[in-house]
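Sequence lines, in order, name chains F and D.
Numbered according to my numbering, the first sequence spans residues 1 to 480.
Numbered according to my numbering, the second sequence spans residues 1001 to 1466.
Do not take every clue at face value.
[Unchecked claim] Here are the simulated DMTMM-like pairs of lysine to aspartate or glutamate, each with C-alpha atoms no more than 25 Å apart in a straight line: (1) Lys1197/D x Glu122/F; (2) Lys1197/D x Asp270/F; (3) Lys1197/D x Asp100/F; (4) Lys1250/D x Asp1373/D; (5) Lys1197/D x Glu384/F; (6) Lys389/F x Glu1201/D; (7) Lys1197/D x Glu350/F.
Simulated from the structure, these hints should not be mistaken for lab results.
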Amino acid sequence: MSEYEFDVVFVGAGPGGYVGAIRARQLGLRTLVVEKEKAGGVCLNIGCIPSKALIDRAAKYRQLGEMEEFGVAVDRTRFDYSRVQKASRTAADRLSKGVDFLLRKNGVEFLAGTVQRIGSHEVAVALTDGDERTVNAACIVVATGSRPRVVPGFEFDEKRVLSSTGMLMMTTLPKRLAILGAGAIGMEFAFIMNSFGVEVVVVEMLDRILPMEDSDAAALARSAFEKRGVRFMTSMKAFSLERGKGEESPLLLALGKAETSEPSERLETDAILVSVGRQPNTEGLGLESIGVVPERGGFLSAGPWYETDAAGVYAIGDVVRGDGQLAHVASAQAEIVAERIAFLLGKTSENPRQRLDPMEVPSAVYCEPQVAGFGPREDTLKAEARGYKAATFPFRGAGKAVAIGETEGFVKILYDEKTREIIGATVAGKDATELVHELLLAASSELVVDDVFSTVHAHPTLSEAVKEAALAAAGRAIHM
Amino acid sequence: MAENIPMLALSSTMTDGTITAWKVAEGDVVKRGTVLCEVETDKAVMDYESPSAGILLKILTAAGSSAKVGDSIAVIGKAGEDASALPAALQSAAPQASAPAVVAAPAAVSAPAVVAAPAAVSAPAAVSVAVSVSALAPEAALPAAQAVSRRQDTSPAAAVNPAGFPRSSPLARALARDAGVDLRALRGSGPLGRVVKRDVEAVISGTAERQAASAGSSGGAAAPRTVRGREGGLVDKIVAASRTRMVVAKRLSDSMREAPHFFLRSAVEMDRLMALRASINAGRDEADRLSLNVFFVKLTASAIVRNPTINAAWKGDSIEFKRSVDIALAVALEDGLVAPVVRDCASKGLADIEREFRTLIAKAKEGRLQSSDYEGATFTISNLGAWGVEEFTAIINPPGSAILALGAVAREPVVRKDAGGAEAVAIRSMLRATLSCDHRVIDGAVGAAFMRDLKGLLEEPALALV
């Protein structure tokens, strides 16, 4: 395919684009990345990474209070949230520069600019420095990511009506915060803000928080949050927003039961976070002209190797329907696509496996308690009347959890009674987002519960709860 | 220690095989690669070569009996070992899905060890050259033997698997155990060729038909670059060759490489034969009318009877003269070619030959040809006249030593003597026939004599009665 300047162009340098580009270079493809902002995308710059920095400081701040039990008096009068925020920016910038370095080191060409049009084997870029450039390539990978979804009437001003981006950029804390949407993003900011002393109300249309997660884990999180003073309004929706006159005047939210058409109460707040989903960035790329028509919600449909309807055009990450809008999904898809293209162009004889199995994609919510899981959740299995068994082991049965005062949590394994196949799992509590991977590796490698409990686990660790849950599946948990 | 020799899956769809004959007897010394027996599958009869060396201690599946894939068919061990001392379970017909410790056979089998007879044929090469399974079934669920040996080539971890039991996930083993699926007959699609749940489920659901071509497997180094519609235009389109195509490709290459071809061309005046055919067909129902090809077959058989060397085959250090004139006719199908054979054409009448070809062609179009329908042609005819081809040369279809390539019959000016003996230009129906000969068997004069006789018979078919 030497008639093209590049073998592959990644449009977007987020966790999809940059990982795919590096993998493509490893496979010897001539690779270009086009990025209109900073390398690393939403994840590194205005997503996962800075929010984890805030969550860490929020947790530490909270723990300071817990030390008072031991006679440690902490003077918080000089607490300055702007410095917390700045630390999160430092982390993000450092990692973004790290991505720049990795791209350079691997020989990925980088164009700073905005893609104006994706054509047949062609990408037109308005460069950041004002020039224009059109490059051609055998393959083009749409990895343009997503942005916070706008709800009519609640348009972001990023001062008081905030998206997750605005929340991350905010340098002063509001006194009161209303959060629309109790998914992972809403819950993480609820945790951060509540930890720093903000009065938080979370409004959720569904009848529970963390609707994508295991209902027991969601209930555990709700109860933990409520103990800390976070107020939840589930089965409620926001009808309208009154922004008031001056900067200082409070915002007025009109709320009502989700199934009604009239608001029934008003909520006064100083700021609102609208976290009700993310909108794929698929407009303005000219995709329709090459036959790639976004579906409802702006998503692209993709085939077994994430190929779109246009020859040589692939789509990965948040723009793709089906695998979940998660950074690690984008990266995993990116590797598949890079390997597929290398295979088709004869750079490798190894054809990659086909698209991800949603079963093997972990979810992770980083508030405290953490919630992580994979596979169909128990509620889904029940609703679909699929045969399964659940084995749960509470953290309080694990010595380490008691020793460190982290007994609120559990490991739940969903398994097939006959074959002992691990169908799915949820871990809630301290370090759940790390603990889940033992079970995920087991499930994706097709180990059965017996393989998990037959593995000697170090004592004392929280991982012992994983082993005990596996033992519970065999009806032989020791510490329960 | 004595080893059980399992029935292997010799084709992708094979679930059991019938042992048509044992080539060794109990007590015989066998080497690796010694043909133990012939196995008839749903596709063809194949030789089963020994994966191990030793003494054939016991035959567990008698000739004429069938065994499921994975069942033990024999025991090989050292002299003096007692096969009956093997655990009883090993001698039963039970699938051995979970008996890695005692089944050592597959690891020792090298890729080409299992030799298969052709699975299908196409013209102009209906050949019965044995073809290794690797050529036959690149995308098939290969016999465990091959899957294992391939891993041994590439996997650093092969040493942990000395018994040759396929790498498999615990879940796949559990499922296989419950369903009686023999893991050794599977090619794993998981990391490093590991047999995983979907591989076992594919067998259980009968959909083991090769997903390998489209399903990328990390172990599938040999997977073809098949391009789906959505990725079209990205690269040249590459489509996995069917097994039939692989067989044909190998045979034609072998034939062209091994048989020194030479070509003899004649122009044949067809007017009398066309008239004869018209008069024969005039009295027949449309459904019973004789095709031109059947006249070619019959008259070719007559010419062969007069030139028996044409009906001979090169055997390496001897020449085999066949008594029966078994003529294959190349037939184009939607997805390839076949060359079904009518036996003993010399002693059959036109109507019989026509009827037999019609039956064979109908079977071919339904994909129901048996190997006996296309193997062992002593001579092949390929007629591309219907495509308007004037003349062409064909590649010999072993074990035959010659193939006749026929072009279109066309009205042409020719020079003929008129009744008064003066030369004049006349218009005749002309056919160009080209004979490809294997010079190892057929010398130029021998081939030319055949062509002279054939031309004479075609131009004056009544001579066939003489």
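Structure-based check of each hint:
1. Lys1197/D x Glu122/F: 41 Å, violated
2. Lys1197/D x Asp270/F: Not OK: Lys1197/D and Asp270/F at ~54 Å, beyond 25 Å, violated.
3. Lys1197/D x Asp100/F: Judged against 25 Å, a Cα distance of about 41 Å means the pair is violated.
4. Lys1250/D x Asp1373/D: 20 Å, holds
5. Lys1197/D x Glu384/F: 22 Å, holds
6. Lys389/F x Glu1201/D: 21 Å, holds
7. Lys1197/D x Glu350/F: This hinted pair holds, its Cα atoms lying about 21 Å apart.
The earlier numbered hints that this structure contradicts are 1, 2 and 3.
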